[in-house]
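Colleague: Chain by chain, the residues run as shown.
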Amino acid sequence: MLALLPQLVLTGLTVGSIYALVALGFVLIYNVTGILNFAQGEFSMLGALFCATLLAWHVSLPAAALAAAAGVALVGAATERLAVEPAFGGHPLTLIIITFGVSMAFRGLALMIWGADPYTLPEFSPGPALVLLGGVLVRQAMWAIGLSAAVVAGLFVFFARTVPGAAVRACADNAFACRLVGISPRRMALFAFTLSAALGAVAGIVITPIIGATYDMGLGLGLKGFVAAVIGGLTNAPAAVAGGYLVGLIEALTAGYLTPGYGDAITFLVLLAVLYLQREGLLHGAERRRA
Amino acid sequence: MLSLSRKIAGLVLTVVVAAGLLLPGRPVLGQGAPIRIGTVFAVTGPASSLGKPEKDTATMLGAQFAGGIGGRPVQIITYDTESDPTKALLLMKKAVTEDNAVAVVGGTTSPESQAMADYAMQTEIPFMSVAASTTLSVPTRAWVFQTPQRNSTAAAKAMQYLVAIHVKTIAYLYRNDDFGQDGLVGLRTFAHYNGMTIVDTEPFAATATDLSALVARARVHNPDVMVVWSTPPTASIAAKNIRQLGLRMPIVESHGAANKAFIDLAGPAANGVVFPSGKLLVAGQLPVGDPQKALLVKYARDFEAANHYAASTFGGHAFDGITMLADAIGHVGPDKAKMRDYLEHLRGFVGTGGVFNMSPQDHNGLTTKDMVLIVIQTGTWQIWK
Amino acid sequence: MSVDRTTAAGAGHANRPDGLLLSVEGLCRQFGGVVAVDGVTFGVAPGEIVAVIGPNGAGKTTLFNVITGFLTPTGGEVRYRGARITGQSPPRIAGRGIIRTFQSLVVFSEMTAVENVMIGCHRWTRTGLFEAALALPAAAREDRRVAEAALGALALVGLRDRADDRAQDLPVGQQRLLEIARALAARPELLLLDEPTAGLSAGEARALLALIRRLRADGLTFVIIEHNMDIVMEAADRVVVLDYGEKIAEGTPQEIQRDPRVIAAYLGEEPDDAAAAAPLGRAPAP
Amino acid sequence: MARSGGGRSRSVTLIVLAALLAALPAAVSSAYVMTVLNIIGLYVIVTLGLILLGSSGQISLSQAAFYGLGAYASALMSKDLGWSPWATIPLAIVLVAGAAYVVGLPTLRLAEHFFVLATLGVGIIVNVLMVQLVSLTGGASGLRDIPGLEIAGVRLATDRQFYYLIWALAFAALLLARNVTSHRTGRALRAILGSEVGAAALGVEVSRYRMHVFVLGAAYAALAGALYAHYIRFISPSPFSLYASLFFLIMAVVGGLTNIWGGLLGAAAVTILDQGIRAELPRILPRVGGEYQTAIYGLLLVVIMIFFPSGIVRGALDMRRAFGRARVRAAGATETEPIQGGTA
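Read top to bottom, the protein sequences are chains A, B, C and D. In this text, residue positions in the first sequence follow our numbering: the first is 45, and each later residue adds one. In this text, residue positions in the second sequence follow our numbering: the first is 813, and each later residue adds one. In this text, residue positions in the third sequence follow our numbering: the first is 56, and each later residue adds one. In this text, residue positions in the fourth sequence follow our numbering: the first is 814, and each later residue adds one.
Worth double-checking, as some hints may not be accurate.
Some chain D residues close to chain B (C-beta under 7 Å, calculated; not the full set) [said to hold, decoys possible]:
1. Ala-844
2. Thr-848
3. Gly-955
4. Ser-1051
5. Pro-1052
No lab work stands behind these hints, which were simulated from the structure alone. No residue lacks a Cβ here, since even glycine has one placed at the ideal position from N, Cα and C.
Put together the whole structure using the sequences plus the hints.
Modeller: What follows is the structure, encoded as structure tokens:
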């Protein structure tokens, strides 16, 4: 069965690159607002379906992808303004339930607009898959892997080297101090949702040639991205990407050596293990709540 | 000052009473009132790509039947189960007790159909299942009929192709539910009979997004052919992953791949895939003498005109169930027992799934003759050979 | 009206050779690289009032958090009546009779004042899930006892007439008194008060001081973090001074006032911290 | 306490409610409506379990998993071992409560959103097992021919008979939940909801109470699940998925996450809305179906959480009271405020 390994690893990397991209969106929002955005996967779904529709209207792929990402960024901004912002400062569970609601609303709207049929997008650079160590890597996976690396690099440069990036970081650290120096945490939250919606949309567009796009893809994708982000510690972008690849590998290895149906169960077992091992004291949780 | 809990309790009571008053059944319908046929499909949820065309077909037929059958208007009630067997059961109950439906069509997925079939037996009402699971009509149950080609029939049809290309070893990739398991049972029987071996079976979940690990596992056994028993998107993903891993052996899919979504999602990997199917997809290519040709062409045209998307065999299953019931009503009137007897002896009924020849031993009435083998060539369906 | 203080009555007889009710030995707490509490040692005798003072950020509240189990120490130990309680959970420590209040008000803001105080009675009441689920008569009887005790505790701090107001509708000073009433309703043996007079008017602070003394006369023991030096000088038997997490001095208020290290610690602070710095020049209260 | 008079009025309310529930079937002629009422009864029990947890300030997404575990446990024991359902239902409850205890040990340590995440994970794992353990559970195709219930040799066959069984148990569950959230335990739960730190500082064993309500909530779900299995006599994994947990959460949120009466109201309102969207809307607009439902639920959740975070009833009452208070104040009188459960 060792002969399977190279293929399983490459499969894991392909799927992992998808989860990594989704996980980055979570990390961005969590870092700035402290919110776990359960609707993150829906941004990917919307991006993919927008893009597929534009393509059907004979827009070229790059233009369609950009337009879709921009459109979803607006959706992200609207989400923050209409659903999240009014409940800011409430109980954290309120915000969690709200993001669940947003997720359902998007899923329902997508079903009304696009129906239940799966859509697809052409590969960005069609051609035969690459053969590595006896395993095969789809070309589109290279795009996904490259993109997640680029986004991590981009976020790093943004946060470490630019003024707005520093402001976002400052807000994450101390909302009060931020207000003192004239940066509005609310504006930062808006910014985080917008950016992470665009990021999610791009993720959705890049992965659609591999897995297709349906109105209900968001929840599953979001949950996996979530697990990846949590494994990475929720605040660290490179770690979240690593988490994504780890989840992908776990799934592929489970599928290869156990039975595929258990993939989800194993993934979430890992999530539970991570959660349980990072035990937090009572006060710790309470202090964060007050912040 | 009333206490808060009392106020809340008051509200609760209001709602409960409202529920009691608002929901009671409509008065029993007398002569001249419309005859109702209940349809219960998975319009949303995981099986929605099957259930949506089924519902749209029912709606379309509803408009056609508005004129009535035998002088009495016929009304088609449609309900959505969200692919949930419990909701399917409840909605069937509603159709029967509340709408006074004389018969029910539905049960998009096998679990839904099983739950509904049990209820049909309890209340003695004709039920036309649109799910493909063999166990729905083998053994036969008095009130349960099945309109899609059974899984075993499809497996037998697929076997004709495997025999023709002289396959010895088979790897079977299947969706791990009734549909895939059922196909495996059929395939196993026929493979044994034809001296073939199933060297590997790989179950996967309906929600899987990547099957290359599974394909890699199957590859180890060096099969002559990959047989995939599922519906899109997993049916497409499997074909795609097989080709992506550079495997060149033939791919055989089930009648679950008989829709446009399969080709769209699988892309170039769909080319060369062979699958057994009802004749709807290749209606135009059928010889002029084919008894189904006229019906299939008309159904596809009507469906597309009404719904702005291509007809699929799934909608056809609903079409067959509803038109068969309409036929029964036309001949024996809206009497459940008489309808059942009529349906059980229905012979030569031309539907989209084939020419139905029912009997007390066979509540499906279709054979491999009602199916064709379709090969996908440059993204289009062609009759194989 | 007075609180039923049967439990606290035994407070005068700590079963330890050194006679201490609470002893803190070499207690440390680090946050990453920052040492918030650094090897602090002191003891509290039954019936004593000990004040803990120090500049802002000296580690006073962290000390309370470690003693009451909200933070685990990174070194040292806490003993209560001779038994090690280091690292026990906050409810267990509270269960032993060590009750605290918070510098940053922690009231149950959606509840009425009396309901807040009723929760204080949790420690000495017994109705469990089973009795409550079946609504046994004992549960209802206990409810009545609790309500009476809570009203009594409210009366002690002068909030009897605000019993049915929502806690969040009370002014800050009264919320602080509410928290103290709630702590008293728990029938504590040792009361840790974190800046009890912050936000109180001068009159309210005097009343509180009187109450503390009266309760001490009944046998209750206090550790108080306090910035108001008038109160410290007047109420405390002993003062423990912290600076940068270390204990820099301990003694009677008079000794502390003259201690050069204490003066240096306070003078080294931001000059605008008037509450801490100004009272040092004042004469001790008679 | 201060409102000793409230106890009597609440007892009167309960008696009136019981009488109404007992009389309701007489007003209902349709078997389908009886079925819906029965399903509401089951959902009331499940939702009450969630609200018990909510009353300590937590939400769980494993409620559907416990509901399903109860159903599968009782169904399998009665079907495969041939035991009487009257024995397997309590056994299933005990088993699920035990499972919840084991799950709760590490999970309840987690701070709020990590707790939600962990319960979500547990829910998904349980559902995967239901689908995958085909030889035991029948997999995605489900379990059929589950034994029905008999009382003294008489088979409970009609919806009406089940109505009395289900609603008697739902009523008992309501009473029990109301009692647990009153008295000392109720005060402790409200304290935890208000401030964990404050509660712990007063000796409230926060984690023990959390465990109590978590296990009790799971037991509620298991009771409903076991009843469901012997009532519908067919189970499959899909009604116990993550979607179902979200559905129960919606019921709890509509009723008010900390409000026991909200459990009754939320389950009834959402189920009726559900039936309305699914069954009545297509009658008016033939082209419209379940597609709208998900979107409507999602928007409902968002709107409720923003405008009525303590549930629709409480929200409406708060608004009325705000007007009322202004009037009272103008008259120079003071009003005793009822307990506020807080928001969650």
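Colleague: All hints, please: hold or fail.
Modeller: Checked hints:
The interface hint given for D/Ala-844 is met, as the beta carbon of that residue sits about 4 Å from the closest beta carbon of chain B, less than 7 Å. Given hint, D/Thr-848 at the interface with chain B, holds; its Cβ is 6 Å from that chain's nearest Cβ, closer than 7 Å. With 7 Å as the threshold, the beta carbon of D/Gly-955 comes within range of chain B, its nearest partner Cβ sitting at about 5 Å, so the hint holds. Residue-level restraint check for D/Ser-1051 holds (minimum Cβ-Cβ distance to chain B is 5 Å; threshold 7 Å).
Hint on D/Pro-1052 holds. Least Cβ distance to chain B is approximately 5 Å, under the 7 Å limit.
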